[in-house]
Amino acid sequence: MAKLKLALYWAGACGGCDVAVLDINEKILDVANLADIVFWPIALDFKYHHVEAMPDKSIDVCLFNGMVRSSEQEHLAKLLRAKSKVLVAFGSCACFGGIPALANLYTRAEIMERAYIEAPSNDNPNKTLPQTKTQVPEGELTLPELFETVLTLAQVVPVEYFMPGCPPTVDLILKVVNALATNSLPPAGAVIASNKTLCEECERKKEDKKITKIYRTHQIIPVPEKCLLEQGLLCMGPATRGGCGALCVKVNIPCRGCFGPPAGVPDQGAKLVSAVASIYQANTDEDIARMVNEVVDPAGTFYRFGLSNSMLKKKRLQRR
Amino acid sequence: MLKKMLAQLGIEEQRVRLDWVSASEGDRFASIVNEMTEQVRALGPMSRDNGGKNG
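Residue numbers (our numbering), protein chains in the order written: chain A, 1 to 320; chain B, 1 to 55.
These aren't lab readings, by the way, just hints derived from the structure by calculation.
Note that beta-carbon positions come from the ideal geometry of N, C-alpha and C, so glycine has one too.
Hints are not guaranteed to be accurate.
Simulated crosslink set (DSS-like; lysine-lysine; CA at most 25 Å straight-line) [unchecked claim]:
{"no.": "1", "chain 1": "A", "residue 1": "LYS209", "chain 2": "B", "residue 2": "LYS4"}
{"no.": "2", "chain 1": "B", "residue 1": "LYS3", "chain 2": "A", "residue 2": "LYS271"}
{"no.": "3", "chain 1": "A", "residue 1": "LYS210", "chain 2": "B", "residue 2": "LYS3"}
{"no.": "4", "chain 1": "A", "residue 1": "LYS213", "chain 2": "B", "residue 2": "LYS4"}
{"no.": "5", "chain 1": "A", "residue 1": "LYS196", "chain 2": "A", "residue 2": "LYS226"}
{"no.": "6", "chain 1": "B", "residue 1": "LYS4", "chain 2": "A", "residue 2": "LYS315"}
{"no.": "7", "chain 1": "A", "residue 1": "LYS5", "chain 2": "A", "residue 2": "LYS78"}
{"no.": "8", "chain 1": "A", "residue 1": "LYS271", "chain 2": "B", "residue 2": "LYS4"}
{"no.": "9", "chain 1": "A", "residue 1": "LYS196", "chain 2": "A", "residue 2": "LYS250"}
{"no.": "10", "chain 1": "B", "residue 1": "LYS3", "chain 2": "A", "residue 2": "LYS213"}
{"no.": "11", "chain 1": "A", "residue 1": "LYS226", "chain 2": "A", "residue 2": "LYS209"}
{"no.": "12", "chain 1": "B", "residue 1": "LYS3", "chain 2": "A", "residue 2": "LYS315"}
{"no.": "13", "chain 1": "A", "residue 1": "LYS57", "chain 2": "A", "residue 2": "LYS78"}
{"no.": "14", "chain 1": "A", "residue 1": "LYS210", "chain 2": "B", "residue 2": "LYS4"}
{"no.": "15", "chain 1": "B", "residue 1": "LYS4", "chain 2": "A", "residue 2": "LYS5"}
{"no.": "16", "chain 1": "A", "residue 1": "LYS271", "chain 2": "A", "residue 2": "LYS315"}
Here are some, though not all, of the chain B residues that point toward chain A, as calculated from beta-carbon distances under 7 Å [unchecked claim]:
{"no.": "17", "residue": "GLN8"}
{"no.": "18", "residue": "VAL16"}
{"no.": "19", "residue": "ALA30"}
Could you put together the complete structure from these sequences and hints?
Below you can see the structure in the form of structure tokens.
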């Protein structure tokens, strides 16, 4: 059998997804036996024009990590879509927007202002902002255009599979590698993780889901083995897809929701607010006010990884 | 908490209301529904886009 052709790309990402691929350690040799890696900017010296020169559908599988927010990332998403038989949204950013999608709570203008003018470390008296085109004596310099919002990969091009996780776990990556090796990939559209919620897979003891105070993680040291939500920590398990192996909750850290909404849940943040509100024992207006104060940043907490993929997708602007 | 979160997301507070009406308070139910309907009608349709390159 001819070797598979594999491509990996990072768009708007931190690099953690690429590191996760390397975290499969010696199994990377199995990948090298199974596939020729034809494009992987973090590790190999292939350029964009090498990809552009490939025939359409000549890449068997492309693992695409990161969100799409610039004309360069959009170009690569479209290019790799055209060249790949199977395109995988790899990691929470490509699947749901991820942490970068929290930028959708601000406009592009606000972000530029903050990053290049307001930030205390700046020295920019002329208030210069990055331009897509700049004339210099040597000619014209260009930069990719920054879009108004953070997009998921599937909002730009059709995607076959979704591998959530910040980053996807080694077990899931190996599952995909094995599926490729045995030619047993699931039907297109599948999310490669569990179909249950994290709560269903969590081994902590769940007793009485009633809380009277919400703590932030630095405020208490939770008791091991008891449900973290019952101890007043905002654990996203009730509305987060499982399949991660419950790595965080096993080490006393509440789930942050990186695997996104479980099957059948269109909006993870809304589901989480409803889960938390239903267990908080609020009988008076004071109780309610206290609860609202205890959750300092609800949008950032409940949509930590999924704002691009939520029903609202971004902060709504008043157009009047 | 939902209201606080919706405010962060740019949704007007007047679009959400939680009230409690007994089954025997038909008039009160009708008047609350009418008030809410008028309130939302006054705000007009909720402009919403799906994000994208130019917002």
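These are the hints, each one checked on the structure:
{"no.": "1", "hint": "A:LYS209 x B:LYS4", "verdict": "holds, 23 Å"}
{"no.": "2", "hint": "B:LYS3 x A:LYS271", "verdict": "holds, 14 Å"}
{"no.": "3", "hint": "A:LYS210 x B:LYS3", "verdict": "holds, 22 Å"}
{"no.": "4", "hint": "A:LYS213 x B:LYS4", "verdict": "holds, 18 Å"}
{"no.": "5", "hint": "A:LYS196 x A:LYS226", "verdict": "holds, 20 Å"}
{"no.": "6", "hint": "B:LYS4 x A:LYS315", "verdict": "holds, 13 Å"}
{"no.": "7", "hint": "A:LYS5 x A:LYS78", "verdict": "holds, 18 Å"}
{"no.": "8", "hint": "A:LYS271 x B:LYS4", "verdict": "holds, 15 Å"}
{"no.": "9", "hint": "A:LYS196 x A:LYS250", "verdict": "holds, 17 Å"}
{"no.": "10", "hint": "B:LYS3 x A:LYS213", "verdict": "holds, 19 Å"}
{"no.": "11", "hint": "A:LYS226 x A:LYS209", "verdict": "holds, 11 Å"}
{"no.": "12", "hint": "B:LYS3 x A:LYS315", "verdict": "holds, 14 Å"}
{"no.": "13", "hint": "A:LYS57 x A:LYS78", "verdict": "holds, 12 Å"}
{"no.": "14", "hint": "A:LYS210 x B:LYS4", "verdict": "holds, 22 Å"}
{"no.": "15", "hint": "B:LYS4 x A:LYS5", "verdict": "violated, 49 Å"}
{"no.": "16", "hint": "A:LYS271 x A:LYS315", "verdict": "holds, 18 Å"}
{"no.": "17", "hint": "GLN8", "verdict": "holds, 4 Å"}
{"no.": "18", "hint": "VAL16", "verdict": "violated, 12 Å"}
{"no.": "19", "hint": "ALA30", "verdict": "violated, 26 Å"}
Hints 15, 18, 19 from the earlier list are contradicted by this structure; the remaining hints agree with it.
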